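2 protein chains.
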Amino acid sequence: MPETRPASSPAHAHAQGPVRGNDYEAHFQGALARLHGERRYRVFADIERIAGRFPIANWRRPDGATSEITVWCSNDYLGMGQHPEVVAALTDTARRCGVGAGGTRNIAGNNSPLVDLERELADLHGKEAGLVFTSGYVSNQAGISTIAKLIPDCLILSDAFNHNSMIEGVRHAGCEKRIFRHNDVAHLEELLIAAAGRNVLIAFESVYSMDGDVAPIGAICDLAEKYGAMTYLDEVHAVGLYGPRGGGMAERQGVMHRVDVIEGTLAKGFGCVGGYITGSAALCDAVRSFAPGFIFTTAIPPAIAAAARASVRYLKRSNGEREAHQRQAAATKRALEEAGLPVLATETHIVPVMVGDAELCKAAADHLLERHAIYIQPINYPTVPRGTERLRITPSPFHDDARIATLTAALVETWDTLDLPRAGTVFAQAAE
Amino acid sequence: MPETRPASSPAHAHAQGPVRGNDYEAHFQGALARLHGERRYRVFADIERIAGRFPIANWRRPDGATSEITVWCSNDYLGMGQHPEVVAALTDTARRCGVGAGGTRNIAGNNSPLVDLERELADLHGKEAGLVFTSGYVSNQAGISTIAKLIPDCLILSDAFNHNSMIEGVRHAGCEKRIFRHNDVAHLEELLIAAAGRNVLIAFESVYSMDGDVAPIGAICDLAEKYGAMTYLDEVHAVGLYGPRGGGMAERQGVMHRVDVIEGTLAKGFGCVGGYITGSAALCDAVRSFAPGFIFTTAIPPAIAAAARASVRYLKRSNGEREAHQRQAAATKRALEEAGLPVLATETHIVPVMVGDAELCKAAADHLLERHAIYIQPINYPTVPRGTERLRITPSPFHDDARIATLTAALVETWDTLDLPRAGTVFAQAAE
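Sequence order for the protein chains is A and B. The opening residue of the first sequence carries number 132 in the numbering used here; numbering runs sequentially from there. The opening residue of the second sequence carries number 132 in the numbering used here; numbering runs sequentially from there.
If we strip away everything but chain A, and leave its shape as in the complex, we get (with noise of 0.2 Å):
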């Protein structure tokens, strides 16, 4: 889509700001100055999906006008979020409840509806215990910052594509930290060797969202066990879609009941918003009891908290969606590889089409959007590595063979007119 006017200039003139002699504007202004400068500005689509017609969604333009897109980008991948049985939970509890927690867990904040959803997700898990948090993001950064703190003199081996919410986890429980080379075993057993007789967390993801890379979750876990290490495996990729009840990879491989914190989000497969962890009940209590991101933060709505439990009931008896999802994925990697377009080879839903440069991503993102209401977000430096810039494609099962034909004639179309790089070629990280 077009850039608009820079943010930086203010479109209110008559706002008023106070009147001083250090310049704090210019900072915010230079700062943005910067990104424009390395392309890296974003600009966010304005959109409004229409419930019962997903993916497809209005899009109200710079300009003001409202056209209809196809949206190939979320991440509701199962299209939770347009589910009768979810929209129904949340707006006859709305109904019932009202709309707000109207406080903290703890001060009178605490909902039937959330704690119930917390039980659904500990028996989705095979855990002892769930605990919710306002999103994906707080319960890594609350979840394994708290974790590592109460354990004494924790070194925390993390995989080096983990997510920033997981970084900031590490980062904020302050204690030594490793990071392993991107699902080495090998590596990480070197780590875990030179450790000997430590308390070690170990951190990672089961589907790496950007590269739809899966984790050895089993053999991770052999060595955990060989090593007296503990596990805390992200699953916010996976859940609701893969394994026999939708609790994920882990479930999927058999070894769900081997990995001591299993993380979520509802926000994905689920089509909500929020996020939690799963693990003993002594450790989601010590975290309930000590995370300052979790204790002094508003409760997720009772609305919210049903309709993700409608959600994961649901898919939990459900194997319809998950099956539909991973024939829509693969018809659509086929299509884009016999259309001879660099699809990067995934073994999950996630389809990433490389470009491997941030202008040109950009630009074919704006050209789907413009000459074919087609909507595909960009995916650029930081997300990530430049020279890997791509267009990270999310089929769902409402992205019927027709939609991913018309995909594909849409992506040749914008390849030849970008002349933009095909199969075959060798997209490497650039050097920082």
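You may find that some hints are simply not true.
Copies of the same chain look alike in the list, so a pair counts if it works inside one copy or between any two.
[To be verified] Dumping the calculated SDA-like pairs for lysine to any residue here, alpha-carbon to alpha-carbon at most 25 Å:
| no. | residue 1 | residue 2 |
| --- | --- | --- |
| 1 | 280 | 518 |
| 2 | 447 | 557 |
| 3 | 280 | 302 |
| 4 | 308 | 161 |
| 5 | 280 | 298 |
| 6 | 280 | 308 |
| 7 | 280 | 175 |
| 8 | 280 | 516 |
| 9 | 280 | 170 |
| 10 | 280 | 157 |
| 11 | 280 | 174 |
| 12 | 447 | 182 |
| 13 | 447 | 537 |
| 14 | 308 | 157 |
| 15 | 447 | 386 |
| 16 | 280 | 531 |
| 17 | 447 | 325 |
Because the hints were derived from the structure by calculation, they are not lab data. All of these numbers come straight from a predicted model, not from anything done at the bench.
Model the placement of chain B on the given structure of chain A, informed by the hints.
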């Protein structure tokens, strides 16, 4: 309420954890045992508020039975969480757009109701722009840290009573900080003089939630202008509640235009969930662009954004709730004072009744709930200093005179039964 079996006793003996040498579980159990030993272990009341009948809620007792209680400690200060326009905005938008936003703000989650909400909040505070976060906690943590990092060699001057979320924001900023004595303008000026020539961010609150006192906002702005500092004001316990349009205490005092950044919440006076900052367009755009806790988290759901906007819009035009709120808060204070209860004098809607002992405070709350079906959460260390434990009562427009009389009688009976300190007692912070 009675404490149920400590959560450290596994409730589900069938759930299996890994076998290993290191006993991580013991660390979590030990931390919980320490809390129990210090009488600081918190039990959450499991409640479900009843829309249309606030402040009544269903309490799910530990034995599973349910009974109706009156909530006297909610931060949904005006009962906007049950307002028909707010509930309708939530349910209508969910039916139209589904539940979750489906992505981060950058990737498919930037929904139109949320964009509109940010404009509404900017207008509320007379600022160029607004930026919404998943919670007020995150808005302070991400807002303060990001703003301070963008200002070269920034010194943060922080009020001694600032909320944990602000303290975390200051801590994550990683820059130098100094604490000024609570609401002490002379001390603040000393620190400003000592920082002559430096970039300074003054971080403070308007209404302090536990003592209910108010900052001298205008005097702090005078100093900020005199010494070239920037101001960041947390109005979470004031937005919706004070000022002709609900802009908060700064609006009421006629100084809103002099504050650089106003932070607020959608979860208290507005009865929903989420937090925000408002300020210059460049400042909000820079935080939007640089704050990890904003960038890497799923956007709040369109239905929540629409509900919050409906609440903000309603309270811009309606003063009735604010007037009734102040009237009932004053009536509550008067009734409790006349009954000889140790009410802490406050300028605001917050009514602390002092107990001065953690166990007695919890015993009083348990007694009120079990004997009188009145729910007031005990406020103990670390939320308030030891020796100043209290019941924090928050009357709303829906706590009518009859309920105030019932509350007063219940408190008097409780104070008699437990022989608690009366008005005139001096409650001093215990030495740590």
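Hint check results:
1. In this homomeric assembly, residue 280 and residue 518 never come within 25 Å of each other (Cα to Cα): the closest approach is 37 Å inside a single copy and 28 Å across copies.
2. Taking the closest pair of Cα atoms, residue 447 and residue 557 never come within 25 Å of each other, the shortest separation being 40 Å inside a single copy and 57 Å across copies.
3. In this assembly of identical chains, residue 280 and residue 302 lie within 25 Å of each other by CA distance both inside one copy and across copies; the values are 11 Å within and 17 Å between.
4. In this homomeric assembly, residue 308 and residue 161 come within 25 Å of each other (Cα to Cα) only across copies, at 24 Å, whereas the closest approach inside a single copy is 34 Å.
5. In the homo-oligomer, the alpha carbons of residue 280 and residue 298 lie at most 25 Å apart both inside one protomer (15 Å) and across protomers (18 Å), since each shortest distance falls under that limit.
6. For the identical chains of this complex, residue 280 and residue 308 are neighbours both inside a copy (12 Å) and across copies (24 Å), given an alpha-carbon limit of 25 Å.
7. Only between protomers do residue 280 and residue 175 lie at most 25 Å apart by alpha-carbon distance; the minimum there is 23 Å, versus 37 Å within a single protomer.
8. Taking the shortest Cα distances, residue 280 and residue 516 sit within 25 Å of each other only across copies (23 Å), while inside one copy they are farther apart (31 Å).
9. Within a single copy, residue 280 and residue 170 get their C-alpha atoms only as close as 39 Å, which misses the 25 Å cut-off; across copies the closest is 21 Å, which meets it.
10. Taking CA atoms no more than 25 Å apart as the test, residue 280 paired with residue 157 passes between copies only; the shortest distance there is 14 Å, against 39 Å inside one copy.
11. When the C-alpha separation of residue 280 and residue 174 is checked against a cutoff of 25 Å, the pair qualifies only between copies, where the shortest distance is 22 Å, while the shortest distance within a copy is 38 Å.
12. Proximity of residue 447 and residue 182 under a CA criterion of 25 Å is satisfied intra-copy only: 22 Å inside one chain copy versus 30 Å between copies.
13. Proximity of residue 447 and residue 537 under a CA criterion of 25 Å is satisfied in neither setting, with 32 Å inside one chain copy and 47 Å between copies.
14. Within a single copy, residue 308 and residue 157 get their C-alpha atoms only as close as 37 Å, which misses the 25 Å cut-off; across copies the closest is 22 Å, which meets it.
15. In the homo-oligomer, the alpha carbons of residue 447 and residue 386 lie at most 25 Å apart inside one protomer (17 Å), although the nearest pairing across protomers, at 54 Å, exceeds that limit.
16. When the C-alpha separation of residue 280 and residue 531 is checked against a cutoff of 25 Å, the pair qualifies neither within a copy, at 47 Å, nor between copies, at 46 Å.
17. In this homomeric assembly, residue 447 and residue 325 never come within 25 Å of each other (Cα to Cα): the closest approach is 41 Å inside a single copy and 62 Å across copies.
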